[in-house]
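K.L.:
Sequence:
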Amino acid sequence: MILYLHGFRSSPRSTKAQRIRSALDARGRAGDFACPQLPASPRAAVNVALATAALEHPAKLALVGSSLGGYYATWVAEQLGCRAVLLNPAVFPYRELASQLGRHPVYFSDQTVELTGDHLAELRGADTPRITRPERYFLIAATGDEVIDWTTMAAKYSGCRQRVIQGSDHALSDFDRYLDEVLDFCDGLT
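For the sequence shown, this note's numbering gives the first residue as 342, with consecutive numbering after it.
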């Protein structure tokens, strides 16, 4: 199963989540995908991720996390010992999001999300200072990411498989070019 964890202000209707879902559907694997709506509270978000992940044995589970979802995916992968693909992941979201306190619209939705100081403290509590088994991780980082410095991502996931994309953006607008590589890693083929 692939468990997709979306980023801050995103939703299960994000473009990357839908691309992965469609690719699995086309391969006859419609039941192998989950993408829950993550709550604003980081503590609650990782609990939702863990509860969803519990539906599958860790050896058959792969996480794909985008931005803040990549931060969560790292924490969950360290807890469960499963694989994780990280798409422009947040590295220090308790610092990166400090200027975003307040209420914000959610992309692909008519809902809003509120980020509080308590949420920043919860993010700090979910920090993973060290990756224990780098072979379980695949980082995709764009040098054109306008939100998170790609060199910070590359340093955090040093020793992990990495694809550094020249240009692109935080949303990885050219994600389709890397979709097969992501799925192959999730399936343990690469």
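Heads up, some of the hints might be wrong.
Label pairs and their calculated CB-CB ranges [said to hold, decoys possible]: (1) 401 with 468: 38 to 46 Å; (2) 529 with 455: 15 to 23 Å; (3) 521 with 453: 34 to 42 Å; (4) 458 with 528: 37 to 45 Å.
Calculated lysine to aspartate or glutamate pairs in the EDC-like style (CA-CA distance at most 20 Å, straight line) [claimed, not checked]: (5) 401 with 373; (6) 401 with 486; (7) 401 with 419; (8) 401 with 366; (9) 401 with 522; (10) 401 with 463; (11) 401 with 525; (12) 401 with 528.
Just so you know, these hints were derived from the structure itself, not from any lab. Since we're looking at a predicted model, the values are computed, not measured. Even glycine gets a Cβ: it sits at the ideal position worked out from N, Cα and C.
K.L.:
Would you list, in rising numerical order, the hints stated earlier that this structure does not obey?
P.N.:
1, 2, 6, 10
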